[in-house]
Amino acid sequence: MFDIDLHTLLTIVALGVITVVTRGFFFISNRPWTLPKWAQRGLQYAPIAALAAVVVPEVVMSQGALIGTLWDARIFATLAGLAWFAWQRSVLGTIVAGMAVYLPLHIGLGW
Amino acid sequence: MFYLREYRQQAEFWDGIRDQFTVAMGIAAWGMMTGVAMVKSGMSVIEALLLTLIVYAGSAQLTALPLMLAGAPLWVILAAAFCVNLRFVVFSAHLRPFMMHLPRWKRMVSGYVTADLSYVFFARRYHEPATTPEGLSAQQAYLMGNSAVNYLSWMTASVIGVVLAQWIPTEWGLGFAGILALVGVMASMASSTLRMVSAGIAGAAAVAAWALPLKLNILAAIVCAVAACLVIEKVHALTQKGDNRV
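In the order they appear, the protein sequences are chains V and Y. Sequential numbering of the first sequence, starting at 1, is according to our numbering. Sequential numbering of the second sequence, starting at 1, is according to our numbering.
Note that these hints are calculated values from the structure, not bench results. Among the hints, erroneous ones may be present.
Selected chain V positions facing chain Y (in silico; Cβ < 8 Å) [what the hints assert, rightly or not]:
hint : residue
1    : Ala49
2    : Pro57
3    : Val59
4    : Ser62
5    : Leu70
6    : Ile75
7    : Trp87
8    : Leu109
Cβ coordinates follow ideal geometry from the N, Cα and C atoms, glycine included.
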């Protein structure tokens, strides 16, 4: 339960270094440098794209394939969350409304 | 980083705390299920705790996990984590002008604690780096307020998940709350038509490119969406100009 060997510890520390290097990748150099204009403009579309790229597969895929049915708890939960957001503009409410739909369908009906 | 008094004294720090609180529950549910998943897949409690406390990157942890358990070579594990984290490289390019007034070690620590949603909230609030030192410091305080809530809710929940793993069935699907948090934030960012287009293209591309190894589908989706939006912008500008001439 509490066993750890040196190799695992080293791996974990190296993974921590990867986090620091990727999250601070463009902070490392002190030299003056700015992104080209087109890239700066493009970056305003990047955050929402990153979110969609993470979220959409989690909602419409299972085991590496597009789900074949719309009767899936995740679809209804996401729609409920989006509807709540459109109504109240609250992210917390989106989570609560979505889970209120998800848990009964998922645990109760096994969707 | 976020414990520094120079940040806590600023109103923006507390704005950041308040904003990030709206998603803290989702982050916590996600962190807890990551903790549960680490132990259930066969890591020891101490390994799971260290992984969470040191690495602090849920998707990279979950990617590295099966590779570590399978005894994959170190460089394969690190390459996989790097690829999963490539989106952070994009984020850091965006944040660079907001950061360069800080000494390097502070930039790196700030980067380390800036997870997805801290970055997203920051990018939603600030479009240009401030032109005064006070302004830059206030922006940094906002980022650190967000990061503080993100860090604490993730870590607390992960540790709880690791400790309680045997009593929390993964089949309940509590981790879906994390996805719903991202859905809510995504909706809050959809402030222009082109941004909605960006989300649509990225979502479709991420599904289409699912077969790519190392979660590279996420990076491919970001690149596709951003490129498509830039092209649409350009074409739109050209046709506008054309109209004016006529």
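Quick check on V:Trp87 please, does its C-beta sit within 8 Å of some C-beta on chain Y? violated (11 Å)
Supplied contact hint for V:Leu109, tested at 8 Å Cβ to chain Y: violated (12 Å)
Hint V:Ser62 vs chain Y: min CB-CB distance below 8 Å?
violated (11 Å)
Quick one, is the V:Leu70 hint okay against chain Y at 8 Å, beta carbons?
violated (15 Å)
| said: Please check whether V:Val59 passes as an interface residue: C-beta within 8 Å of a C-beta belonging to chain Y. | reply: holds (7 Å)
- Message: Let's test the interface hint: is any C-beta of chain Y closer than 8 Å to that of V:Pro57?
- Response: holds (5 Å)
Minimum Cβ distance from V:Ile75 to chain Y below 8 Å?
-> violated (12 Å)
Regarding the hint that V:Ala49 lies at the interface with chain Y, is the smallest CB-CB distance below 8 Å? This hint holds: V:Ala49 lies near chain Y, its Cβ roughly 4 Å from the closest one there, short of 8 Å.
When each numbered hint is compared with the structure, violations occur for hints 4, 5, 6, 7 and 8.
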